[in-house]
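Student: If you want the building blocks of each chain, they are given just below.
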Amino acid sequence: MDEMKKNVLEYIVDEYLDEDEEDEVSFDSPLISSGIVDSFSMVSLKRFVENKYSIKLPDEEATPEAFDTVNSICNLINKHMG
Amino acid sequence: MSNIESYEKVSKDFNWDIARDVLNWKDGELLNIGAICSDRICARGDADKTALIWEGFGDRKAEYTFNDLRIFSNGFAQFLKEQGIEPGDRVCIFMDKIPSLYFSFLGILKLGAIAQPLFSAFGDESLEVRLASANTKAILTTRKHVRKVRKIKDKLPDLKNIIVVEGDPAKLKEGEVFFDVLSAPKIEKFDVFESDSESPSVLHYTSGTTGQPKGALHVHSSIWGQALTTSWVLDLKDDDVYWCTADPGWVTGTSYGIIGPWALGTTQCVLDSGFTSSRWYQFIQDNKISVWYSAPTAIRALMKDGNELVGEFDLSSLRHLASVGEPLNAEAVIWSGEVFNGLQFHDTFWQTETGAMMITNFPGMEIRPGSMGMPFPGISATVLDLESHEPVTEPGKVGLIAFRPGWPSMFRRYWKQPDVYRSKFVGATDDAMPDELRMNPDLWYVSGDRASIDKDGYYWFVGRDDDVINTGGHLVGPFEIESALVEHEAIAEAAAIGKPDEVNMEVVKAFVTLKPGYEPSDDLELDIMNFIRKRLSPLAMPQEIEYMDKLPKTRSGKIVRRYLKAIEWGEDVGDISSLSDD
Chain A
1 MDEMKKNVLE
11 YIVDEYLDED
21 EEDEVSFDSP
31 LISSGIVDSF
41 SMVSLKRFVE
51 NKYSIKLPDE
61 EATPEAFDTV
71 NSICNLINKH
81 MG
Chain B
1 MSNIESYEKV
11 SKDFNWDIAR
21 DVLNWKDGEL
31 LNIGAICSDR
41 ICARGDADKT
51 ALIWEGFGDR
61 KAEYTFNDLR
71 IFSNGFAQFL
81 KEQGIEPGDR
91 VCIFMDKIPS
101 LYFSFLGILK
111 LGAIAQPLFS
121 AFGDESLEVR
131 LASANTKAIL
141 TTRKHVRKVR
151 KIKDKLPDLK
161 NIIVVEGDPA
171 KLKEGEVFFD
181 VLSAPKIEKF
191 DVFESDSESP
201 SVLHYTSGTT
211 GQPKGALHVH
221 SSIWGQALTT
231 SWVLDLKDDD
241 VYWCTADPGW
251 VTGTSYGIIG
261 PWALGTTQCV
271 LDSGFTSSRW
281 YQFIQDNKIS
291 VWYSAPTAIR
301 ALMKDGNELV
311 GEFDLSSLRH
321 LASVGEPLNA
331 EAVIWSGEVF
341 NGLQFHDTFW
351 QTETGAMMIT
361 NFPGMEIRPG
371 SMGMPFPGIS
381 ATVLDLESHE
391 PVTEPGKVGL
401 IAFRPGWPSM
411 FRRYWKQPDV
421 YRSKFVGATD
431 DAMPDELRMN
441 PDLWYVSGDR
451 ASIDKDGYYW
461 FVGRDDDVIN
471 TGGHLVGPFE
481 IESALVEHEA
491 IAEAAAIGKP
501 DEVNMEVVKA
511 FVTLKPGYEP
521 SDDLELDIMN
531 FIRKRLSPLA
541 MPQEIEYMDK
551 LPKTRSGKIV
561 RRYLKAIEWG
571 EDVGDISSLS
581 DD
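Here the protein sequences come in this chain order: A and B. According to this note's numbering, the first sequence holds residues 1 to 82 in order. According to this note's numbering, the second sequence holds residues 1 to 582 in order.
In short, the hints are calculated from the structure, not lab data. Accuracy of the hints is not assured; some may be wrong.
Stated by the list, open to error - The calculated lysine-lysine pairs, modelled on DSS-like cross-linking and capped at a C-alpha distance of 30 Å, are: (1) B:K155 with B:K416; (2) A:K5 with B:K155; (3) A:K46 with B:K534.
Just so you know, these numbers come straight off a predicted model, no measurement behind them.
One chain only, chain A, in its complex shape (with noise of 0.2 Å):
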């Protein structure tokens, strides 16, 4: 789970964050109500870990609120790995 999180996170420092911005996201750092992750950024964000660990998350589950921290996102990531 550890590894999964820095991972996930890792991820959104390198594609939704600039240089020194890094300090400021933690795994429960909000994502999209703070706005460093947009609704339609979601979507690229989602297909990462989609790609990354090999599942298909349903949209009815891919809400805003379920992709708003890392732990949120690994919690639904762990819930379709079985």
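Fit chain B to the known structure of chain A by using the hints.
Tutor: Chain B alone, transformed into the frame defined by chain A:
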């Protein structure tokens, strides 16, 4: 009683001078939008009335009175003047929905310069194209977004002033200036530019099928249309608390998120944080919002989150709802009536070029769910036959939505593109100049959208008449996306279309062929998506990419988007005799 009282009655005796009555306008007053929305409201005795209730992410809150609006817009006007900005210069506003966006917009107009608001999620390439087109002289931005400006500034010789209005001044780089209006000396008096009805005010960029985005130029007299439609369609009254959810990077956010409501002296709310349904409902509850102007995409997203969530909040302050951006589907209208105490969203139709609402559902009129409503009084509208370009007389027959030119908020030209402006008018002569076109009552301005009119005069939206993609209420040009796609190292050729989407109406889908040495893969698809997201914007990012061996083209080599779109939408592909056999 609604402000409009009777649509039939006001339509019969309509003239645009009614807007002056609504604003209690006196002859000789200064027609400057920046001053009308701040100084004038103070002068009428409402200096201490709340103008802006602002909330950001993380419990950040602030309230500003109309006197604050006056002083802080003066502050921006004075600062820009000291930086050498002159009337007519283009000043870009490139920031999130923070209070300084609103103050600076009014300040730019007070100075007589032209406000060029751009959506802060634009990537560096989208920004560059628009700044280069407008020969923009100054940009107001924040620490978060100045990085994109740094990447492109060397390619913009006209961009002389990079002004950062928020963040840590110690992190600025050479050539950048810091200005925090809240901590700067208060400017009690500023000599407002004496604009007249045709003085340029706002330059909004909008996408077309071909070529790069076009700058639609508006003038200070647009306020007549914006104020009157705000009064009659949004029905704002003195004690209302109003929320327009649009970003001022787009025209709704300026016409109805700044100009219309503040010209009337209305208290308005701004929420600058990411979208979640519960946050939005909380915002309405906490601020006792009474009039809410939003977008179908947001309404459908709220619908998806269900009725139960609505019930967790006290939304009884709401009394009037309206919507704009793309057609509002009947289900969303009916749903809103069910969950918001019988209030249905009133759909409105207009566009960047029209500057104000054109076809709308009015308070008090029977809403036919799924219909755009009827033309605003004083607007001569029709649908033109697709072939003959003559007005359609048969109810239900689809044609091009068109308007007789001459309404006050009509755009005056496309920036440096007179031929493109001319092409929007049916019946224009080849040498007609913009001023002749917009005043010629024999022409039709063609919106680019298709609709039908029923026997009772209600308009029903059908779709775009071109390849422009309407995603989440924003127009995205396929050419801009395709141009960026072929800059990706793996892509040889590309086509972009809109594909149907339950929430956003359309999302971008790209069809690509790959260069030798590259193979289709999920990782490549994600890489391409992020490439476009960062260069253009999240809106332009393809949500699906289809790899093809070759793209459908005409014999002259032009990619045929129409063919791809017809297949994607499950429609008849039509005449394909001109397609190349290669």
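Student: Does the structure break any of the earlier hints, and which numbers would those be?
Tutor: Hint 2 alone not satisfied by this model.
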